[in-house]
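2 protein chains.
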Amino acid sequence: MDIKGRITVVLVGTQSPGNIGMVCRAMKNMGLSDLRLVNPCRVDHPDATMFAVSARDLLEAARIYSSLGEALSDCEFSVATTRRHGKYRNEICTPGEIVEKFSGCAPQSRLALVFGREDSGLTTDELALCRWQATIPTADEYGSLNLSQAVLLFCYEFFKGALPVDPAGKTARELAGSASLEPLYDQMERTFLRIGYLNPQNPDHMMRSMRRIFSRAELDEREVSALRGLLSQIDWAAAEFKGKKGA
Amino acid sequence: MDIKGRITVVLVGTQSPGNIGMVCRAMKNMGLSDLRLVNPCRVDHPDATMFAVSARDLLEAARIYSSLGEALSDCEFSVATTRRHGKYRNEICTPGEIVEKFSGCAPQSRLALVFGREDSGLTTDELALCRWQATIPTADEYGSLNLSQAVLLFCYEFFKGALPVDPAGKTARELAGSASLEPLYDQMERTFLRIGYLNPQNPDHMMRSMRRIFSRAELDEREVSALRGLLSQIDWAAAEFKGKKGA
Chain A
1107 MDIKGRITVV
1117 LVGTQSPGNI
1127 GMVCRAMKNM
1137 GLSDLRLVNP
1147 CRVDHPDATM
1157 FAVSARDLLE
1167 AARIYSSLGE
1177 ALSDCEFSVA
1187 TTRRHGKYRN
1197 EICTPGEIVE
1207 KFSGCAPQSR
1217 LALVFGREDS
1227 GLTTDELALC
1237 RWQATIPTAD
1247 EYGSLNLSQA
1257 VLLFCYEFFK
1267 GALPVDPAGK
1277 TARELAGSAS
1287 LEPLYDQMER
1297 TFLRIGYLNP
1307 QNPDHMMRSM
1317 RRIFSRAELD
1327 EREVSALRGL
1337 LSQIDWAAAE
1347 FKGKKGA
Chain Z
1107 MDIKGRITVV
1117 LVGTQSPGNI
1127 GMVCRAMKNM
1137 GLSDLRLVNP
1147 CRVDHPDATM
1157 FAVSARDLLE
1167 AARIYSSLGE
1177 ALSDCEFSVA
1187 TTRRHGKYRN
1197 EICTPGEIVE
1207 KFSGCAPQSR
1217 LALVFGREDS
1227 GLTTDELALC
1237 RWQATIPTAD
1247 EYGSLNLSQA
1257 VLLFCYEFFK
1267 GALPVDPAGK
1277 TARELAGSAS
1287 LEPLYDQMER
1297 TFLRIGYLNP
1307 QNPDHMMRSM
1317 RRIFSRAELD
1327 EREVSALRGL
1337 LSQIDWAAAE
1347 FKGKKGA
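Which chain is which? The protein sequence lines are A and Z, in order.
The opening position of the first sequence corresponds to residue 1107 in the numbering used here, with each subsequent residue numbered one higher.
The opening position of the second sequence corresponds to residue 1107 in the numbering used here, with each subsequent residue numbered one higher.
Hints may contain errors.
A pair holds if it fits inside one copy or across any two, identical chains being indistinguishable in the list.
[Unchecked claim] Below, a list of computed lysine-lysine pairs in the DSSO-like style, where the Cα atoms sit at most 27 Å apart:
id	residue 1	residue 2
1	K1266	K1207
2	K1110	K1207
3	K1266	K1110
Treat the hints as calculated values from the structure; they're not laboratory data.
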């Protein structure tokens, strides 16, 4: 499938119906069609229809979710768009880099481009659900893009990226998707709790750090298996240990 | 002068004040500031101000002309934006090609990006005043971009084109060097042997895989410490376990 057919746009907590309409138009301009809305404002507001212009079909087909996790459930890859001022800014990609990364992913996989609220973006928990983070390069003086403008620029990069056949000849190492990674992280958390590495009161802090490390590592399936084997081996030792401790 | 300081945006016959406001915002997002309006609608309409958000300074500084020729009088170069369906479509450039052309122009020269009316674009006479023609690549199904979206994409291409060679602008996250990494790998190998994860006859095979994973992860010192803490914690569990096994 054409790469554009594998891109989903997810808007989280959008406050302005006009913006939703303009996002529909921008997506259709760039050949995208799958729009998902997490807890949006009123989608049947006349502004949404007015600004969608000839992209009302996208507006009508948009699916509504009550959480980001639900909206991402069938997306193997996801990218959170953020302003560049985050703590971990060097892990933040440009839209072009995301196009390149996703070009190397499995040909059936789906990528969600996730955009937060107009005024406050995405929460820390929402960010943590996304595989990658990206920001659009802007002037330092005024970095606040309108939501639909941000969506347009991302879609435009994918549209341009889909134009020529990639001649680069990079042998695509196939990256593991979230269907593999999330069970890895679940297992990791259980094991790390068991051996007392995580604080049971606040396991998320260290787990976010682990997610960052292994996101950057761009694991393939074989490596995910190797790491899961390692965790099982630690479990095995810890189980014996626990048995002894209990004795 | 920075290439962005040599770019002028000219809007001809704009009909919607909100679009003029959004154009101001988009220009400022991408570091441009010189806006010229040829026979525009009411610029003091509240929509213009509202959509300009923090780019009202551009709106207030915009100069108004009564003909395109006048607006272009001090611009050595100019590009008319059109839909792709023109008569001479093979002479029509992409925004990226315009950036490239203008990069080769005299360093004091000025380029005008000329955008026509929302409904009917530029007249034949207006097109003839412009040096080049350009169009933004869009989906065949729906090629009509909102005016401010078209301006944004052009400005974005110039902004990207003006970025320094290392565009990431990433403040160097200080990566851990081998003085930190080698002790990490040594500790990892000892621990993994202890819990039976490595084959004592051939530990290198799996350790090479671990090195690849953690090389790609580009660990910093804090993360190396976190991982060494994890290994110590596994050691602690495994020591107890060994003790039991030995008993």
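Which hint numbers doesn't this structure obey? Violated hints: none; all satisfied.
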